[in-house]
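Now for the letters of each chain:
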Amino acid sequence: MYARWVLTALLAWPLVAAAIVLVVPAPRAKYVALVASLVEFGLSIPLWWQFVPAGGMQFLADYAWIAPWGIRYAVGVDGISLFLVLLTTFLMPLSVLGSWSYITKREPGFYALLLVLTTGMIGVFVALDLFLFYVMWEVMLIPMYFIIGVWGGENRLYAAIKFFIYTFFGSLLMLVAILVLYFYVGRATGIYSFSYVHLLANLGNLGTLGWWLFGAFFLAFAIKVPMFPFHTWLPDAHVEAPTAGSVILAGILLKMGTYGFLRFALPFFPTVALSQTVQVVVVTLSLVGILYGGLVAMVQPDFKKLIAYSSVAHLGFVMLGIWALTVQSVQGALLVMINHGISTGALFFLVGMIYERRHSRLIDAYGGIARVVPLFAAILTVVSLSSIGLPGTNGFVGEFLVLVGAFRTYPVATAVATTGVIIAAAYLLWALQRVLFNPLDKHENEKLTDLTPRELAVLIPLLVCIVWIGVYPKPFLTRMEPAARQLIEQVRGK
Amino acid sequence: MSLDLSVPRDLLLALLPELVLTGWALVLLLFVAWRHHTVRDLRIAGWLTLAALLSTAVAVWWLWWNLTQPAGLAGMIALDDFRWVTDWLFIGGAALTTLISFAYLEREQLLAPEYYVLLIFATLGMMLMAAGEDLMVIFLGLELMSVAVYVLAGFDRKSPRSAEAALKYFLLGAFASGFLLYGIALIYGATGTTNLTLIGIQVGLGGTGVMLLAGLALLLVGFAFKVAAVPFHMWAPDVYDGAPTPVTAFMATGVKAAAFAALFRVLTEGFAHAGAWREIVWWLAVVTMVGGNFLALAQRSLKRMLAYSSVAHAGYLLVAVASGKAAGAAAFIVYLVAYTLMSVGAFAVLAAKGRRGESDVLIDDLAGLATRRPWLAFALAVCMLSLLGFPGTAGFIGKWYILIAATGAGQNVLAAILVLASVVSAGYYLPVIMAMYMKPESSDTAHSEVQLGRLGEVAVAAAVAALLVFGVWPNRLLDLAKTAGESVRPPAAAAVPAPTAEPAPR
Numbered sequence: 004m005y006a007r008w009v010l011t012a013l014l015a016w017p018l019v020a021a022a023i024v025l026v027v028p029a030p031r032a033k034y035v036a037l038v039a040s041l042v043e044f045g046l047s048i049p050l051w052w053q054f055v056p057a058g059g060m061q062f063l064a065d066y067a068w069i070a071p072w073g074i075r076y077a078v079g080v081d082g083i084s085l086f087l088v089l090l091t092t093f094l095m096p097l098s099v100l101g102s103w104s105y106i107t108k109r110e111p112g113f114y115a116l117l118l119v120l121t122t123g124m125i126g127v128f129v130a131l132d133l134f135l136f137y138v139m140w141e142v143m144l145i146p147m148y149f150i151i152g153v154w155g156g157e158n159r160l161y162a163a164i165k166f167f168i169y170t171f172f173g174s175l176l177m178l179v180a181i182l183v184l185y186f187y188v189g190r191a192t193g194i195y196s197f198s199y200v201h202l203l204a205n206l207g208n209l210g211t212l213g214w215w216l217f218g219a220f221f222l223a224f225a226i227k228v229p230m231f232p233f234h235t236w237l238p239d240a241h242v243e244a245p246t247a248g249s250v251i252l253a254g255i256l257l258k259m260g261t262y263g264f265l266r267f268a269l270p271f272f273p274t275v276a277l278s279q280t281v282q283v284v285v286v287t288l289s290l291v292g293i294l295y296g297g298l299v300a301m302v303q304p305d306f307k308k309l310i311a312y313s314s315v316a317h318l319g320f321v322m323l324g325i326w327a328l329t330v331q332s333v334q335g336a337l338l339v340m341i342n343h344g345i346s347t348g349a350l351f352f353l354v355g356m357i358y359e360r361r362h363s364r365l366i367d368a369y370g371g372i373a374r375v376v377p378l379f380a381a382i383l384t385v386v387s388l389s390s391i392g393l394p395g396t397n398g399f400v401g402e403f404l405v406l407v408g409a410f411r412t413y414p415v416a417t418a419v420a421t422t423g424v425i426i427a428a429a430y431l432l433w434a435l436q437r438v439l440f441n442p443l444d445k446h447e448n449e450k451l452t453d454l455t456p457r458e459l460a461v462l463i464p465l466l467v468c469i470v471w472i473g474v475y476p477k478p479f480l481t482r483m484e485p486a487a488r489q490l491i492e493q494v495r496g497k
Numbered sequence: 161m162s163l164d165l166s167v168p169r170d171l172l173l174a175l176l177p178e179l180v181l182t183g184w185a186l187v188l189l190l191f192v193a194w195r196h197h198t199v200r201d202l203r204i205a206g207w208l209t210l211a212a213l214l215s216t217a218v219a220v221w222w223l224w225w226n227l228t229q230p231a232g233l234a235g236m237i238a239l240d241d242f243r244w245v246t247d248w249l250f251i252g253g254a255a256l257t258t259l260i261s262f263a264y265l266e267r268e269q270l271l272a273p274e275y276y277v278l279l280i281f282a283t284l285g286m287m288l289m290a291a292g293e294d295l296m297v298i299f300l301g302l303e304l305m306s307v308a309v310y311v312l313a314g315f316d317r318k319s320p321r322s323a324e325a326a327l328k329y330f331l332l333g334a335f336a337s338g339f340l341l342y343g344i345a346l347i348y349g350a351t352g353t354t355n356l357t358l359i360g361i362q363v364g365l366g367g368t369g370v371m372l373l374a375g376l377a378l379l380l381v382g383f384a385f386k387v388a389a390v391p392f393h394m395w396a397p398d399v400y401d402g403a404p405t406p407v408t409a410f411m412a413t414g415v416k417a418a419a420f421a422a423l424f425r426v427l428t429e430g431f432a433h434a435g436a437w438r439e440i441v442w443w444l445a446v447v448t449m450v451g452g453n454f455l456a457l458a459q460r461s462l463k464r465m466l467a468y469s470s471v472a473h474a475g476y477l478l479v480a481v482a483s484g485k486a487a488g489a490a491a492f493i494v495y496l497v498a499y500t501l502m503s504v505g506a507f508a509v510l511a512a513k514g515r516r517g518e519s520d521v522l523i524d525d526l527a528g529l530a531t532r533r534p535w536l537a538f539a540l541a542v543c544m545l546s547l548l549g550f551p552g553t554a555g556f557i558g559k560w561y562i563l564i565a566a567t568g569a570g571q572n573v574l575a576a577i578l579v580l581a582s583v584v585s586a587g588y589y590l591p592v593i594m595a596m597y598m599k600p601e602s603s604d605t606a607h608s609e610v611q612l613g614r615l616g617e618v619a620v621a622a623a624v625a626a627l628l629v630f631g632v633w634p635n636r637l638l639d640l641a642k643t644a645g646e647s648v649r650p651p652a653a654a655a656v657p658a659p660t661a662e663p664a665p666r
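If you read the protein sequences in the order shown, they are chains A and B.
Everything in the first sequence is counted per this note's numbering, starting at 4 for the first residue and increasing by one.
Everything in the second sequence is counted per this note's numbering, starting at 161 for the first residue and increasing by one.
Please keep in mind that the hints were generated in silico from the structure rather than gathered at the bench.
Remember, it's a predicted structure, so these values are computed and weren't measured experimentally.
Any given hint could be a false lead.
[As the list claims (entries may be wrong)] Pairs of lysine-lysine, DSSO-like flavour, derived with a Cα cap of 30 angstroms:
hint : chain 1 : residue 1 : chain 2 : residue 2
1    : A       : 108       : B       : 642
2    : A       : 33        : B       : 599
3    : A       : 108       : A       : 33
Work the whole structure out from these sequences, hints included.
Below, the structure is given as structure tokens:
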């Protein structure tokens, strides 16, 4: 029973809740939103146990939607999307709680948009119909655009429109590619359908057309990841967005790009994706992302921007892991995706919390505050270490798996990527030193207050995940493995 | 029910909707000749117009429901689903225009109920254009519509801008009519007929001489003027800008839709076998999409922006025409429905915002509208997203259908150009939303005079609701468009007997 309606409920409930948030009196909006997102999380928890690792696509629901075009409402979850769905539902209550005192104007609108965004994000991860996927991919744009544009920082209008146009540009080319696929397969089989399974089973060899289509998908996903030359929207959007916006952007929205590669670009166009040219391009861009992202992060005066560039580096690891196509590297890539959501999410929360007290994101504005806010300092240190990838934290497991797995396919590139870990240590530890440990020389910092219970409630679940995945990642890896193996067979087999 | 169009009674029956509307127009004309001074007269005329449109819609529905078929061939009037669907579209557009005109006319002190008579005559012209199986009928419909709209454009007699718009529209429109008529003359010279079916048969038999192609080219120029396709769009921004805003809405939707419907019928029924126009329409579509979007990007005034954006949308519609086939026709109808709804919605909000004596509403003047008038801002935001072609709105379904038609016809490059042009359009639709939601209002009284009127609110609410419903559940609309699209098809040379010979000279 649960298996049949859970995904639909996960998609529908936030929309209902958003409507409720809009009608209750404004001061109650955040309470309703918190309860709604907790209910959403609660609904999604049984997925973890009910999921059968070797069961392929599960929790399927499939209904006709726009019949004249063969469009169906088809959703399902496998070992790749399960964790992304859970990550989404897990981060949403935290985001609501993290916005508690940060958002002071037009609260109902903000929380309603967060909930609509939840639907869009889950929709992207569970859609098994390319039309539905495209719609969801676009639907999540509007709430994010408003969240950045209305509640963002000083330069928010610029950041919002840049974010929108970059994504919109990529996704529209993908739309044309989807339509070309639809007609290509439709003419070959006589069945015109946007179903993922149908398209995947009947694609065959596309020849040169495959290159064009792959290019369109690649552009859409590469912008979202973001890979190196397409990353310029990211620092603007991350920095200007309110805390919850940054957390969701980094935690979930970026994963849509890598998810798109895993779900669509690789299985649809294996010959193109594994051709020499594409491999060289992707691996080079990933390496550039890792190194360039790290080096640029090092010189940022703004803590939020530093984290933003560190995302470019982390996602470089994910791309490397995906393209290496070994079981470990793909598992590692999936794990880095989750870890990045947890660690970077936590970092953005922490920066947001200190910003609320001091109204500055500049690293130079702080110094020596470990003496004033010891709890904050301790948590920031743990989270930074997990982001660096210290053994015993989640970051280590993911990046280690990526490097081990990728070494078999790309030994040289992997060796270069390893230096990225060192760079990460350099920029984060250096930033920690300047924020937490140097002499306490600015008297504004002397009166900072330490974390409140509400803020601890946001951070402790994240810390638990950091340690859990760091010490005992097996439950995660067993659920991922069959899906990773299947993906590799699918791609290598053709 | 089968109608033999050579029998007068059946011909009258086939023209029932047009006759009903004409009857109402005459009634209204008598009424306004008698009473045309007070606000009350204006309101009565408005309600009569709505009644006229409603009864015409019922007449259309009655003919449609009885599944009328022409018995003979090569009549002057079409009896196909395409006609009924487009008729409904014109009637709907005119009704929405009427609803937003009530408050506007009163506020601008345009106490002349003749406005509604002209509106009805223009609608009548449109219906004839979409129904014409004969170039002469199409031309007559076009003239009937155009003359009424020339007057409507200059309806604000106190405003020099309105007069300028009317004059410009009249002069350029007259030129366009000239081109069209010359084209018709050349086609008649080449084929000996103005009937589309007969022309289609002749062209199918291989008769594509230079004279015919020249006629076709002139015909295309004439229609390109009417739909404001680049490079024949020069009149559009000035005319749209100067005309009273409800009239602009009417021009951007109804006039354009009628010209497109006629163009589509002419090309599909008459010239399906003359491939030459496909290339021309392809290029027209490309330059119109690119030109319209980039010109719109440079606008500060909301009305001019919408004017240029309507040029861009003409480009999207041309893509559907260039794709040809039934899918193209269906896509074209769905897009026209969506476009009518979103344009009327956007122009209605603009009409509400433009205060007396200040018709230049800059996009930045909308700043903070969302805090003062949340529902109005929401309506405009939905219209903007729909114009942008965002999922969840009817605009997206329309654009998606056009893309399906284009890729289905193998026009992948055209589809790619369309989506890239859409990305550009985000650059001017989004600032509207941005201004309303993300910028503070300039003063406390910035939006105090925004007035839409009760009926205007009904029109906007209906348009927005329809946009959202069709955006999520378009199945019925798609079915309707599909049958309508399939009903317009080139005459099959084998199935149709050769035209009857001229009576032998005595």
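Now the hints, each set against the structure:
Between the alpha carbons of residue 108 (chain A) and residue 642 (chain B) the distance comes to roughly 48 angstroms, so the proposed pair goes past 30 angstroms and is violated. A distance of roughly 24 angstroms separates the Cα atoms of residue 33 (chain A) and residue 599 (chain B); the hinted pair therefore holds under the 30 angstroms criterion. Between the alpha carbons of residue 108 (chain A) and residue 33 (chain A) the distance comes to roughly 12 angstroms, so the proposed pair stays at or under 30 angstroms and holds.
Of the numbered hints listed earlier, the single one contradicted by the structure is hint 1.
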